[in-house]
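Novice: Okay, here's what each chain looks like letter by letter:
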Amino acid sequence: MEEAVQTSTNYQLEFNGKGSEFFSVIIVNWLLTILTLGFYYPWAKARKLQFLYGETSLNGDSFSFHGTGKEMFRGFVKAILIIGFLYSLFFLFLYLKSPFLGIGILYLGILALLPFAIHGSYRYRMSRTSWRGIRFGYRGDRKEFSINFFKWLFFTIISFGIYSPWMSINMRKYLLGNIRFGDVEFNSEGDGGDYFMLMFKGYLVTVFTFGIYLFWWQKDLFEYYINNLSMSKGDKEIALNSTVTGGGFFKLAIVNLLIIIGTLGIGYAWVVTRTMKYIFENIEMEGNIDLNSLLQTEENYKDATGEDISDFLDMDFVM
Amino acid sequence: MSEKTKGIFFDGESAIPKAIDIVFDNEKDVLVFETENNQQHFWDLDEVSFRIKSKNMYLEYGNDPIQNIKISDSDFVNKIYDFKKERGNLSWYHKLMDMGIKAHILFTVFIFAIIGLGYFFAIPWVAEKAVVIIPEDYDSHLGTTFFEQNMLFSNVDAEKTKALNLFAKELNLKNTKKLKFTVVDSPIVNAFALPDGNIVVFSGILNTMKNYDELVGLIGHEVAHVNHRHSMKMVCRNLSGYIFVSAILGDANGIMATIGDNVNNLQSLSYSRSFEHEADLEGFEIVVLNKINPKGMSNLFRRLQNEEVVAIPEFLSSHPVTTERIKDINELIKTKPFRFEDNLKLKKLFFVLKK
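Which chain is which? The protein sequence lines are V and X, in order.
Take the first sequence: its letters are residues 1 to 319, numbered as in the UniProt record's numbering.
Take the second sequence: its letters are residues 1 to 355, numbered as in the UniProt record's numbering.
Hints were generated in silico from the structure; no laboratory data involved.
Do not rely on the hints blindly, as some may be mistaken.
Some chain V residues flagged as far from chain X (calculated, every beta-carbon gap over 12 Å) [what the hints assert, rightly or not]: (1) Tyr-95; (2) Leu-106; (3) Tyr-107; (4) Gly-109; (5) Ala-112; (6) Gly-182; (7) Glu-185; (8) Gly-190; (9) Leu-240; (10) Phe-250; (11) Arg-274; (12) Asn-288.
Sample of chain V residues facing chain X (criterion: CB under 10 Å; computed from the structure) [as the list claims (entries may be wrong)]: (13) Asn-16; (14) Ser-20; (15) Asn-29; (16) Glu-299.
Taking lysine to any residue and the SDA-like style, the derived pairs with C-alpha atoms no more than 25 Å apart in a straight line are [what the hints assert, rightly or not]: (17) V:Lys-48 - X:Ala-113; (18) V:Lys-201 - V:Ile-279; (19) X:Lys-210 - X:Lys-295; (20) V:Lys-233 - X:Gln-67; (21) X:Lys-180 - X:Ser-154; (22) V:Lys-302 - X:Asp-64; (23) V:Lys-151 - V:Glu-189; (24) X:Lys-70 - V:Phe-280; (25) X:Lys-102 - V:Ile-279; (26) V:Lys-18 - X:Ile-52; (27) X:Lys-174 - X:His-277.
Built from N, CA and C at the ideal position, the CB exists for glycine as well.
Chain V with its partners taken away, still in its complex shape (with noise of 0.2 Å):
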């Protein structure tokens, strides 16, 4: 016997996990982490993504990270590997009596890493997700993907640092832009002189207001990521819209850091959750898409590699 349970374009994003819960996941990761002193750190992360995308769900399903920690211990073997060779030429030069050489090797090699690891971290990433079996995808070229960088970079240093909006968000675009979720399309649009005046209008006001215009210029900056998204399938589309708030953000940090305070650090799983149902709340769907029409086109991708040097890198993955 079969049925269609629900053919609707009617979305709901939501993000349904307990601060407890969450708490209990950090807790017995940090207790094996120290058990096993650091090697169980990649099946700790794993889990921890497990239950953070498994707790958001669309129109009622969850989200899936098939991530392992094998994979990710795999890619973080890789990633050790060349980040100590770099470390080591480093240490060759200072032992050669050269010290500014190999400063330059280090930051040119990590320098050199970066568009690697973000291509790697959003191909894992993306692979490794999926909602009802239907897995996400990301199909930018890394060697175009590399180019760009490269010479947004350099347009960069050479206006000291103000076509750095624009770096955004033609990263922005470009990344997001080769999301897949099945046969549907992310798109990102944006523009760096929106991003640009953005940008200046928060800092300024900010700097006036003694930090207090912080929460809406956060705000500014969420909507404007969030309503240039929008996914596309044939003719039929769903644009994003978030309505979250300047007030609510201010709610949200304030509450946040008292939490952090008074628990010493403990209540940081509540300031997560918090967080993320906030946001999840926040993000409005509309569009035309049947979702159960998606069909599943991307294929696996199990190269952690990437993933990991974001992650010696303190990269923070944009979704």
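Once you've looked at the hints, dock chain X against the given chain V.
Specialist: Then chain X, alone, in the frame of chain V:
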């Protein structure tokens, strides 16, 4: 035993939900259900991954494509979970997760205790060992660099420096390193020892002294710092403490890291207090060894205490002459046997220094 329930099946090819009836047979270890065209599915329980997400259970089967079943019936979910548990199929992680919030709070306490023990016992121990590995050359290098940079802007009193070096030469200081004394003309009431054996004494402290036995006490104290490599120990402890704090708490969040840093600073001040105490003890021994009256040390401390007009809480002051230190010295004077005699040579040199 077999259980029946309703679920929603996703075939891994499309996102179309299909309602199904599932039979869970725990004798044959299979899950059985039927989809369109009466197609029968048999899932081997050992190859199914069970995950609870947002209160629903998701069963995943196969690799490419991954097939999914979502089950919302909580009784059924609990039964499957118990079944897995009985079979011993739960990982360490799930066993620990199952222990409940009370156990997790206990884990938290345990983790904090481990971090605390590591910080207060393991770190000082490691630092102490590390100091042995660091060659003494490095101490010398560090001290010399500091000395050269500081003396550039200081007014060295050549005549008194000579007298002080002669003064020190008369004493057995149990030193392993060559010592070099410098008198700087300044009203500062203080003295300090550098790891390379350079000891700087400000004329301000010399002027407050009334007798040469006080100067012997001061020299004994400063030399003890050099002999025990206190500066290098301090550097090692601070650094390893800092690395520990940032490695453990840096990952948590910025506020925790800041709290940790400040705890580390307070802690290093208490290290410095224990070094002061050690230097006082050895200073006392040096004084007694040279047949000088140790009361001079106690007198000097009392005078220094009066100099410090502003009362600072002990844990915030890095070089405090505290009532405690005076009490300890007086205790030593009372309990340890000593003999002293007048030393005319030292008296004469002390007179030069007081000019």
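Novice: For each hint, tell me whether it holds in the structure or not.
Specialist: The hints, checked one at a time:
no., hint, in the structure
1, Tyr-95, "17 Å, holds"
2, Leu-106, "19 Å, holds"
3, Tyr-107, "21 Å, holds"
4, Gly-109, "23 Å, holds"
5, Ala-112, "25 Å, holds"
6, Gly-182, "7 Å, violated"
7, Glu-185, "15 Å, holds"
8, Gly-190, "28 Å, holds"
9, Leu-240, "19 Å, holds"
10, Phe-250, "18 Å, holds"
11, Arg-274, "14 Å, holds"
12, Asn-288, "16 Å, holds"
13, Asn-16, "4 Å, holds"
14, Ser-20, "6 Å, holds"
15, Asn-29, "8 Å, holds"
16, Glu-299, "8 Å, holds"
17, V:Lys-48 - X:Ala-113, "23 Å, holds"
18, V:Lys-201 - V:Ile-279, "23 Å, holds"
19, X:Lys-210 - X:Lys-295, "12 Å, holds"
20, V:Lys-233 - X:Gln-67, "23 Å, holds"
21, X:Lys-180 - X:Ser-154, "16 Å, holds"
22, V:Lys-302 - X:Asp-64, "13 Å, holds"
23, V:Lys-151 - V:Glu-189, "20 Å, holds"
24, X:Lys-70 - V:Phe-280, "22 Å, holds"
25, X:Lys-102 - V:Ile-279, "30 Å, violated"
26, V:Lys-18 - X:Ile-52, "13 Å, holds"
27, X:Lys-174 - X:His-277, "18 Å, holds"
Hint violations for this structure: numbers 6, 25, all remaining hints satisfied.
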